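*Asks:* Listed below are the residues making up each chain.
Number of protein chains: 2
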Amino acid sequence: MTKKKTNSDSTSKKPKTELAVGVLGSGSFATAIVKMLVENCKTVHWCVRNEFVKGAIELRGHNPTYLTAVNFNLKNLKLTTDINEMVSACDIVVLATPSIYLSDSMDKLNCEYGDKIFVSAIKGIIPKVNNVVAHYLKDEFKIGFRNQAVIAGPCHAEEVAMERLSYLTVATVEEENSKKLLDIFSSDFIKVSASKDILGNEYSAILKNIFAIGAGIASGLGYGDNFTAVFVSNAIREMETFLEAIYEAPRDVNESAYLGDLLVTAYSLFSRNRNLGNLIGKGYTVKSAIQSMNMVAEGYYAADSIYQTAREKGLKLPIIDTIYGILYEGKNAEKQYRKLTAKLN
Amino acid sequence: MTKKKTNSDSTSKKPKTELAVGVLGSGSFATAIVKMLVENCKTVHWCVRNEFVKGAIELRGHNPTYLTAVNFNLKNLKLTTDINEMVSACDIVVLATPSIYLSDSMDKLNCEYGDKIFVSAIKGIIPKVNNVVAHYLKDEFKIGFRNQAVIAGPCHAEEVAMERLSYLTVATVEEENSKKLLDIFSSDFIKVSASKDILGNEYSAILKNIFAIGAGIASGLGYGDNFTAVFVSNAIREMETFLEAIYEAPRDVNESAYLGDLLVTAYSLFSRNRNLGNLIGKGYTVKSAIQSMNMVAEGYYAADSIYQTAREKGLKLPIIDTIYGILYEGKNAEKQYRKLTAKLN
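So the protein lines, in turn, are chains A and B. Adding 83 to a residue's 1-based position in the first sequence gives its number in the numbering used here. Adding 83 to a residue's 1-based position in the second sequence gives its number in the numbering used here.
In short, the hints are calculated from the structure, not lab data. Please note that a few of the clues may not be correct.
Copies of the same chain look alike in the list, so a pair counts if it works inside one copy or between any two.
[As the list claims (entries may be wrong)] Listed below are the simulated DSSO-like cross-link pairs for lysine-lysine, each with C-alpha atoms no more than 27 Å apart in a straight line:
hint	residue 1	residue 2
1	426	263
2	225	158
3	263	199
4	422	99
A quick note: this is a predicted structure, and the numbers were derived from the prediction, not measured.
Sequences are here, hints too, so could you generate the full structure?
*Replies:* Written out as structure tokens, the structure reads:
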């Protein structure tokens, strides 16, 4: 059951940080992040999609569309629809839009932002540049990796809304930034670990969405728990192969940010990527499955880009190949999975 | 839904092997194994617990208590309650009793068995010797590792009964035995991989039961999917630490026999170990939780032995320690889990 609870404590207790923090986005994960931040920040600057959303939050104290049970104390929020107003006011900016919409907002950025920390909570490929957020920010906005961070980890927004204990990983190369970010995100219901693997965390968060579509397809086709376990154990090995090829670093893919995030997405009924796959497995066309969902399934867009990268690098990733074939080449899910079963072990 | 289906093909088609194969045990996994074997063997020699079970199977064509929907063609079965009759008739003997009952049967063994292959499908510690099956067979019966094998993998009996595609791993040091075992287990619904890691496979199958109790406790206490994902990602790392300390071998714990088996047990509602934990998390005493189940939860017995071994080896395994404390020292699950959450990452 969902707890109805206002973050009323936040006005009385001393905020843990004096830093000004902002969030871009008004979907479910953006809303969950604002909920995490009001635990620690006096004011959270929240840049939402449009005036309707802004007005609705200011009127009702909750997001009108996502995580509607999360009630905010409006004294803790500074709402805007202007990215420049939000970024100018902040030391740390958390980007939390769906990946396909990020450039719509970022294209409007024209204020000074050289000394800000940009934290990506986006788990997808930016279509405009066909690349991950870290490279998009670096190449298009000259935001160096030292001013960037990635938050990852098994963290369904719906459970954050309910204040169910969740773990985040903050990846950043600067020790000093790492401490700041641990401070602003840690709370009674959020535990935060530090990592230096920005690209690995970003790619793993993207890959897991594709694998979750695959787990959903298996479920929709009628495969059972035994098969799903084999599928996921092959998926984490494909993830490791991909990450090593993209960016070699000392990493253990069994840490929560990698395996944990894959598990929560592949096994949870909250996962929109898994649900998309499930519909496809049940026989929906890819197009109608996408249309029937009112949330963006990041894995769909990512599958194309990741497949191309894997091909360029000559990687052998049977699960990624199979999902790409089903999503983009109109191949029959049932037949493709029958072939895939022979390649797993 | 459970398919009602008799293995009627088995009488008409040519069996894949001429080897004589036997199974010891009449629980759900033993029954699932007999179902796998009748696909490939002309006759399966099945040594069951007592005359009642033998008579019931001979009368009705199915096990009266477990996987009752699996109907056998009696022409494929040679039932007995005498372990010596079964072992004498066979080249390969699959041991599939609960671990606590194995020695009751094995103590009666007095026929020649030096040239037989003994395959353990048991996932637990033998109380009499406080050791795994591989060592019990070697020390007590002089059955060397070359005449042994272990079958592991994410393979819930209930799904085998439904002929849902499942993957097994056969661990054996002898190449020749490996081929024989692949032949007798592989079928349309069972895919088999080979491994040489007998002890690693046996211990991982034991450890995963303990972790599944832990996942169940978390669920019973009200922790959500985000936490479970973190829990399992820590569990597989504890498993790796333990296996490396017990027996160093080139192994990837993300293969299906290790991670896959952990996943199916920790996530599946079929898992009796997870269910035991769930009851404890909901507030049942350990004793009443055990009594309320009519199947043996192997993880309960294993937790004691594994905890002691880990202590002797000086291993730091916070999940194992926590579960041991709850199961054997009467510690409060809620408090212990609150402490545990600070140790996971």
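*Asks:* Report the numbers of all earlier hints that the structure fails to satisfy, in ascending order.
*Replies:* Checked against the structure, the only hint that fails is number 2, while the rest are satisfied.
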